[in-house]
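*Asks:* Fit chains B and C to the supplied structure of chain A, relying on the hints for placement.
Protein chains in written order, with our numbering: chain A, 91 to 255; chain B, 26 to 353; chain C, 5 to 508.
Just so you know, the hints here were simulated from the structure itself, not pulled from any lab data.
What you are looking at is a predicted structure, and each value in this text was computed from that prediction instead of being measured.
DSSO-like mimics (lysine-lysine), calculated; alpha carbons at most 30 Å apart, straight line:
(1) Lys152/A / Lys436/C
(2) Lys336/B / Lys347/B
(3) Lys112/A / Lys353/B
(4) Lys164/B / Lys217/B
(5) Lys236/A / Lys94/B
(6) Lys112/A / Lys347/B
(7) Lys146/B / Lys236/A
(8) Lys265/B / Lys205/B
(9) Lys88/B / Lys240/A
(10) Lys317/B / Lys164/B
(11) Lys240/A / Lys94/B
With the C-beta cut set under 10 Å, the calculated list includes, among others, these residues of chain B facing chain A:
(12) Lys60
(13) Lys94
(14) Phe96
(15) Val99
(16) Lys212
So the derived label-pair ranges between C-beta atoms look like this:
(17) Ala383/C / Asn89/B: 35 to 43 Å
(18) Leu107/A / Leu375/C: 49 to 57 Å
(19) Lys176/B / Leu262/C: 46 to 54 Å
Heads up, the beta-carbon is just placed ideally off N, CA and C, and yes, glycines get one too.
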Amino acid sequence: MRMAELVMGLVMGVFSLYLMWKSAELPIGWIAGEGPGGGAWPFWLAVGMLMSCIAIVIRWAKRITPESRSEAPFMDSRTIEMFALNTGALVGMVGLFHIIGAYGAIPAFLIFYLRFMGRHSWRLTGIFAVATPVFMFLFFEIALQKTLPKGFTEPLFLPIFDFFY
Amino acid sequence: MRNFGTKVLSLGLTLGLGLGFTAVTVDSAKAWEPKKPVEFVVMAGKGGGADKAVRFIQNIITKNKLASKPFTPVNKPGGSGAEALVHVKDAKDPDHTLMFTLNSFYTTPMLQPKIKVDFSKFTPVGRMAEDTFLLWVNKDSGIKNVDQFVKAAKAAGNKWIMAGTGKNSEDNILTDFLNKAYGLNMKYVPYKGGGRVAKELAGNNANSTVNNPSEQLGFYQAGKTVPIGAFTAKRLPLFKDAPTFKELGKDFVYLMQRSVVGAPGMSKDASEYYQGLFKKIFDSAEWQGYFKKNSLQGEFLTGDALMAYWKRENAVQMGMLKTMGVLK
Amino acid sequence: MEILSLLLNGFAVAFEPLNLFLIVLGCTVGLFIGAMPGLGSVNGVAILLPMTFLVPPTGAIIFLGAIYYGAMYGGAISSIMLGIPGASTAVATTFDGRPMALKGDADKALVAAATASFVGGSVGVILFTLFAPPLAEVALTFGAPEIFALMLMAFATFVGLGGDDIPKTLFSICIGLVFGAVGLDIISGEPRLIFGDIPGFFHGINFLVLAIGIYGIAEMLWTIEVSQGDVMISQATLNIKRIKATLRELLGTWKTMLMGSFLGYFVGILPAAGATPGSLMAYGVAKTIAKDPSSFGKGNINGVVAPETANNAASTGAMLPMLTLGIPGSPTTAILLGGMVIWGLEPGPLVFTNHPDFVWGFIASLYVANLFSLLINVAFIPSFIWVLRLPFTILAPIIFVLCIVGGFVPTLDMHDVWLMLIFGVVGYLMRKLDYPMAPAVLAIVLGPLAEPALRQSLLMSGGSFSIFFTRPFAGVIIVIALILILLPLLKIIYDKKKKPTPAG
Numbered sequence: 091m092r093m094a095e096l097v098m099g100l101v102m103g104v105f106s107l108y109l110m111w112k113s114a115e116l117p118i119g120w121i122a123g124e125g126p127g128g129g130a131w132p133f134w135l136a137v138g139m140l141m142s143c144i145a146i147v148i149r150w151a152k153r154i155t156p157e158s159r160s161e162a163p164f165m166d167s168r169t170i171e172m173f174a175l176n177t178g179a180l181v182g183m184v185g186l187f188h189i190i191g192a193y194g195a196i197p198a199f200l201i202f203y204l205r206f207m208g209r210h211s212w213r214l215t216g217i218f219a220v221a222t223p224v225f226m227f228l229f230f231e232i233a234l235q236k237t238l239p240k241g242f243t244e245p246l247f248l249p250i251f252d253f254f255y
Numbered sequence: 026m027r028n029f030g031t032k033v034l035s036l037g038l039t040l041g042l043g044l045g046f047t048a049v050t051v052d053s054a055k056a057w058e059p060k061k062p063v064e065f066v067v068m069a070g071k072g073g074g075a076d077k078a079v080r081f082i083q084n085i086i087t088k089n090k091l092a093s094k095p096f097t098p099v100n101k102p103g104g105s106g107a108e109a110l111v112h113v114k115d116a117k118d119p120d121h122t123l124m125f126t127l128n129s130f131y132t133t134p135m136l137q138p139k140i141k142v143d144f145s146k147f148t149p150v151g152r153m154a155e156d157t158f159l160l161w162v163n164k165d166s167g168i169k170n171v172d173q174f175v176k177a178a179k180a181a182g183n184k185w186i187m188a189g190t191g192k193n194s195e196d197n198i199l200t201d202f203l204n205k206a207y208g209l210n211m212k213y214v215p216y217k218g219g220g221r222v223a224k225e226l227a228g229n230n231a232n233s234t235v236n237n238p239s240e241q242l243g244f245y246q247a248g249k250t251v252p253i254g255a256f257t258a259k260r261l262p263l264f265k266d267a268p269t270f271k272e273l274g275k276d277f278v279y280l281m282q283r284s285v286v287g288a289p290g291m292s293k294d295a296s297e298y299y300q301g302l303f304k305k306i307f308d309s310a311e312w313q314g315y316f317k318k319n320s321l322q323g324e325f326l327t328g329d330a331l332m333a334y335w336k337r338e339n340a341v342q343m344g345m346l347k348t349m350g351v352l353k
Numbered sequence: 005m006e007i008l009s010l011l012l013n014g015f016a017v018a019f020e021p022l023n024l025f026l027i028v029l030g031c032t033v034g035l036f037i038g039a040m041p042g043l044g045s046v047n048g049v050a051i052l053l054p055m056t057f058l059v060p061p062t063g064a065i066i067f068l069g070a071i072y073y074g075a076m077y078g079g080a081i082s083s084i085m086l087g088i089p090g091a092s093t094a095v096a097t098t099f100d101g102r103p104m105a106l107k108g109d110a111d112k113a114l115v116a117a118a119t120a121s122f123v124g125g126s127v128g129v130i131l132f133t134l135f136a137p138p139l140a141e142v143a144l145t146f147g148a149p150e151i152f153a154l155m156l157m158a159f160a161t162f163v164g165l166g167g168d169d170i171p172k173t174l175f176s177i178c179i180g181l182v183f184g185a186v187g188l189d190i191i192s193g194e195p196r197l198i199f200g201d202i203p204g205f206f207h208g209i210n211f212l213v214l215a216i217g218i219y220g221i222a223e224m225l226w227t228i229e230v231s232q233g234d235v236m237i238s239q240a241t242l243n244i245k246r247i248k249a250t251l252r253e254l255l256g257t258w259k260t261m262l263m264g265s266f267l268g269y270f271v272g273i274l275p276a277a278g279a280t281p282g283s284l285m286a287y288g289v290a291k292t293i294a295k296d297p298s299s300f301g302k303g304n305i306n307g308v309v310a311p312e313t314a315n316n317a318a319s320t321g322a323m324l325p326m327l328t329l330g331i332p333g334s335p336t337t338a339i340l341l342g343g344m345v346i347w348g349l350e351p352g353p354l355v356f357t358n359h360p361d362f363v364w365g366f367i368a369s370l371y372v373a374n375l376f377s378l379l380i381n382v383a384f385i386p387s388f389i390w391v392l393r394l395p396f397t398i399l400a401p402i403i404f405v406l407c408i409v410g411g412f413v414p415t416l417d418m419h420d421v422w423l424m425l426i427f428g429v430v431g432y433l434m435r436k437l438d439y440p441m442a443p444a445v446l447a448i449v450l451g452p453l454a455e456p457a458l459r460q461s462l463l464m465s466g467g468s469f470s471i472f473f474t475r476p477f478a479g480v481i482i483v484i485a486l487i488l489i490l491l492p493l494l495k496i497i498y499d500k501k502k503k504p505t506p507a508g
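Just chain A, with the same shape it has in the complex (with noise of 0.2 Å):
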């Protein structure tokens, strides 16, 4: 925990720093007779970031914070399976997204969750899957007629416009 904390407000830091750097892009002093220029507000904001990120190192070579006095492990090992694997699902499903669309996604998504990680029956987890996709096209593309993507699975949805409108 404690060397999280300290890795943090330092990744944290150098953020501010950029940020700072990418604000400068437009004017960020005071402009006479207007005021702040564009970059201003989120450079100075950004300053501020970097303040607070400071403070937190400080604090956390004084040892202030309970987080910076732990000495236990940021996450144990079972803390570190579980977000590989819902960090890893997550990625893996929004991923889908660009090659085999949203109804290819969402199904892959749920049985992997439901049957691999839930443990529920090919049963429940075949209904899952199968009805989200079909009320997600029902309700987004049918009523309120929001196209989510669908990669090279598109031709196989042409017929079904044509059915519904």
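*Replies:* Okay, now just chains B and C, sitting in the frame of chain A:
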């Protein structure tokens, strides 16, 4: 709900697939039609003038059943339209991507060369209207004509506040013109959206604006604001008392195009379909009524004529931004 | 009593069978749209606009008004049940609604939210009926300095919201404000903070992307860690006895309800402010005036009641500038305005004289829609509770899918989904280190309202801050805001001085 949905979809799939196969065989003989919902990108946010026009067009299509698939508006107001331009330029399915454009269609690529957008690559579909601009003041100010306006604004110097819709926007170009033509030093304060600008004038938080008629109409009818000059070639029928700047000896006309543009690389069949569709919309009683009420002008332009108009306008806008000193 | 007879005529319009049917349908549809993370009243109204072409204009606006109300009620549902605010107006509802649900009081929180929404909506619509024209005049004179003053006050009421770790709270506020500045700087017309020249940043970082990332994904990851993957989210039950007890408890919150209603309504009528600052301020005020401020954020019923009365009162308030000035007070009313224009009704100062049937029919339908939203909402509470009792391994993937789709739908851009995922993962890691997240979410909502207002004011005054003190409305609000900000600081200094003496 879910069970019902499943039934409907399984029905849909069987029927749809069946129909689909038959459709493929006859497809080539029939004229082109959209095969899925058409994405109608708006270069402005929800609730603005352009957005209202797009939703109005969407309603005309739905109500008169002009198209077999729905047109779904997608707002991409980011970066003065840069986001919309990039999105449509890179459209994966150009046959089903349209965009409703303003003058930022030319000015944004000039001001932001980084996005690498060339307007002449887009497919011309139809110019639906040209919106007009007027010079407005609050009625309480007692100003009745441009002479009084110039006198008051000169006296106030840079304390005279002109509200508009963003730096380097149409409103800014007009403000710059007034400053140069009459030797004024008005301060330009940008707000988000023309409706907000109109309200700032009616609430006396600005001294003048260059709103479109549709934005000020309500306050005008309530007797809160008055137009004192028109940036058009002829006086507008709705505001007969506002002389054009041409009459006042300044040769300056400025209009805002409202055109429908297709994505680059749209197939010939598709572009012909959309050109015909938007001609129908333009001629519809609803659009003509909207036209009159909002004091719009201009006839329907399409194809090469529209492209020629864009090229002409592009040169004019570039000249204006150069005189403003924004472009080198 | 001219108003009364006009209103009665209005009720006659609202109770026509078709209109009544539209109200019930609108409230139900709105409730579900609002309850879906990512979809709020804006989306509901915008999407259903073309469908209203099948009915006459009065019916159409009544339908949209009902969707608006239904969605405002529905926003609380996902805030309470999932801890994900469906729209920015419901952020404050998560602060206490979520802890209540976790304690097993989801039913109580839902009933409280519904009742509070009803009270807020009713007070709002009554104020609307009585004082529309004079209030419209006040709203008209509100300019950039007043809006900035108001935003400062909204921030001030939130000084105490963060955790105990002051540097981490400050970090959270600052990062939220910086993210709020991404996109376009409207004053200079320049693109700003376009990280890596990715076009997706042109539209800025949508509030929903951060909120769903933090409250949806990060919160789920956190729950999975704490529960090690196998518990129910809540053991909520629902029966008449509990409802009765809840209603009794709600009677005790009448002060909060009145405060929330009035505050929400008056903030709501101001153009450009809308319901979000109103609900946040109501929460802040409720916490400040409470006898036990420390119980807020841990499931205090007042913490649900205050923002819910305020956001419904504000959404009614936001209709006032829309109808009388033609200026939308919120994005949703902007769409409603567009709808009215499409149907050939001109909103504006003359709407009350030119279209009395329409206006009064609409106002009356707001009374009716408010009542039906309450009834429909309460009727659905048992099914919401049932959903909460599903095993976590079923609920979790469904919530994840809703988050991902909810992040995509508002802008139809995969860029936002990836960004949301990053916010979710980083937010989870930061949460583990006790960084408070709520201030960042508030900052990303209020920042984009506050910054342009500040700079517009300074442009108007030629760079002088005196503009905030010389205008009467702005002056009063700013002084209150400064007092609210300085009070806790003074208290800290005072406490520090006292420290040497070992007091309790």
